[in-house]
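2 protein chains.
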Amino acid sequence: MKFCSLCATPVVQKIPEGDSRLRYVCPGCGEIHYQNPNIVAGTIPVYENKILLCKRAIEPRKGFWTLPAGFMENQETTTEAAVRETWEEALARVKLGTLYTLFNIPQIDQVHLFFLATIKDGQYGVGEESLETRLFSESEIPWDEISFPTVKKTLQYFIEDRSNQEFPLRVEDIVRDRKT
Amino acid sequence: MKFCSLCATPVVQKIPEGDSRLRYVCPGCGEIHYQNPNIVAGTIPVYENKILLCKRAIEPRKGFWTLPAGFMENQETTTEAAVRETWEEALARVKLGTLYTLFNIPQIDQVHLFFLATIKDGQYGVGEESLETRLFSESEIPWDEISFPTVKKTLQYFIEDRSNQEFPLRVEDIVRDRKT
Numbered sequence: 096m097k098f099c100s101l102c103a104t105p106v107v108q109k110i111p112e113g114d115s116r117l118r119y120v121c122p123g124c125g126e127i128h129y130q131n132p133n134i135v136a137g138t139i140p141v142y143e144n145k146i147l148l149c150k151r152a153i154e155p156r157k158g159f160w161t162l163p164a165g166f167m168e169n170q171e172t173t174t175e176a177a178v179r180e181t182w183e184e185a186l187a188r189v190k191l192g193t194l195y196t197l198f199n200i201p202q203i204d205q206v207h208l209f210f211l212a213t214i215k216d217g218q219y220g221v222g223e224e225s226l227e228t229r230l231f232s233e234s235e236i237p238w239d240e241i242s243f244p245t246v247k248k249t250l251q252y253f254i255e256d257r258s259n260q261e262f263p264l265r266v267e268d269i270v271r272d273r274k275t
Numbered sequence: 096m097k098f099c100s101l102c103a104t105p106v107v108q109k110i111p112e113g114d115s116r117l118r119y120v121c122p123g124c125g126e127i128h129y130q131n132p133n134i135v136a137g138t139i140p141v142y143e144n145k146i147l148l149c150k151r152a153i154e155p156r157k158g159f160w161t162l163p164a165g166f167m168e169n170q171e172t173t174t175e176a177a178v179r180e181t182w183e184e185a186l187a188r189v190k191l192g193t194l195y196t197l198f199n200i201p202q203i204d205q206v207h208l209f210f211l212a213t214i215k216d217g218q219y220g221v222g223e224e225s226l227e228t229r230l231f232s233e234s235e236i237p238w239d240e241i242s243f244p245t246v247k248k249t250l251q252y253f254i255e256d257r258s259n260q261e262f263p264l265r266v267e268d269i270v271r272d273r274k275t
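Same order as they appear, the protein sequences are chains Y and B. Counting along the first sequence from 1, when you hit position 116 you're at 211 in the numbering used here, and nothing is skipped either side. Counting along the second sequence from 1, when you hit position 179 you're at 274 in the numbering used here, and nothing is skipped either side.
Everything labelled a hint here was simulated from the structure, so no lab data went into it. Watch out, some of these pointers could steer you wrong.
Note that identical chains are pooled: a pair holds if it fits in a single copy or bridges any two copies.
[Said to hold, decoys possible] With a Cα cut of at most 20 Å, we get these calculated SDA-like pairs of lysine to any residue: (1) Lys97 / Cys121; (2) Lys274 / Gly123; (3) Lys274 / Glu171; (4) Lys274 / Glu168; (5) Lys274 / Leu117; (6) Lys190 / Asp268; (7) Lys97 / Ile127; (8) Lys97 / Tyr119; (9) Lys109 / Phe166; (10) Lys274 / Gln170; (11) Lys248 / Asn131; (12) Lys157 / Glu112; (13) Lys274 / Arg179; (14) Lys190 / Pro122.
All chains should be modelled from the sequences, with the hints used to inform the complete structure.
Listed below in structure tokens is the structure:
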């Protein structure tokens with residue numbers, strides 16, 4: 096951030112009064128420009144014991160397989176975001192279950208949420224951000240070609256928990272180097 | 096948003112290629128300025144069967160009682176945010192339990208998370224954003240002076256669940272009028 100988005104004055108970094116963190120502050124209009132983590136929401140879409148994965152058509156990790164997920168938008172709920180992303184990436188309408196995994200990834204300022212889901216009528220397709228979508232049985236999952244750690248861990252937990260049909264919420268941190 | 100925060104050119108609202116939503120886009124440098132929901136994280140700090148509430152020293156809802164909670168910061172986890180806010184508002188060090196409530200509030204672009212927590216050593220104080228902090232037994236909770244719906248609902252659920260000592264995750268939408 097270089098300029099105030101309200102008045103175009105060059106911003107400065109300072110700790111506002113009563114705060115303890117460096118913020119981008121506008122010396123012109125006084126606006127404090129807070130920056131906060133984003134939520135990524137997605138699903139584990141299941142049909143007849145198989146899991147729907149999408150081969151990514153876009154960077155990052157183009158060509159790798161992912162669970163449908165993406166950035167939550169303003170004016171929607173986490174569940175709406177998960178359902179929407181499943182439609183956009185895999186053209187699948189899902190019946191949502193409970194929240195299943197929550198990953199904190201502080202070094203990239205993201206929180207990832209995955210919900211249990213079943214595909215209505217077994218219908219799916221290839222959305223604009225996907226090269227291919229496919230239902231995988233457990234033994235077919237391409238473990239070496241999974242896009243992101245949170246997707247891999249969600250799949251691993253899911254397969255583990257499926258054996259006894261209990262899916263408790265899993266909260267986990269994926270921490271590498273953080274900015275100071 | 097009126098100006099590009101990278102190059103100070105006046106932004107326009109348009110739907111970028113491959114997107115389906117209006118975004119602030121810079122006609123100068125091409126940057127798309129996404130805007131996404133924020134996470135508020137907090138705790139239900141308990142000591143000897145009593146719940147710690149904070150009387151707010153700042154707007155909104157100054158003078159009303161709240162559970163300690165606030166905006167999650169970049170480079171931290173949801174649990175770190177909840178612990179930090181409890182320290183800042185109530186000078187209480189807590190041992191965190193599981194995630195207990197998740198509220199979607201789409202009309203204000205927020206997701207609220209509250210974690211179970213116990214106060215270490217029963218020590219607490221009055222943080223900068225609080226006028227007063229106090230441990231309340233169930234019968235003492237000032238229901239008519241609670242700051243926010245998510246705090247009230249979290250307290251109601253907690254008291255209900257405490258009777259059988261099971262605290263399943265509660266996910267709930269608080270939806271009023273949304274922007275189109």
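### Hints violated by the structure (numbers, ascending)
2, 11 and 14
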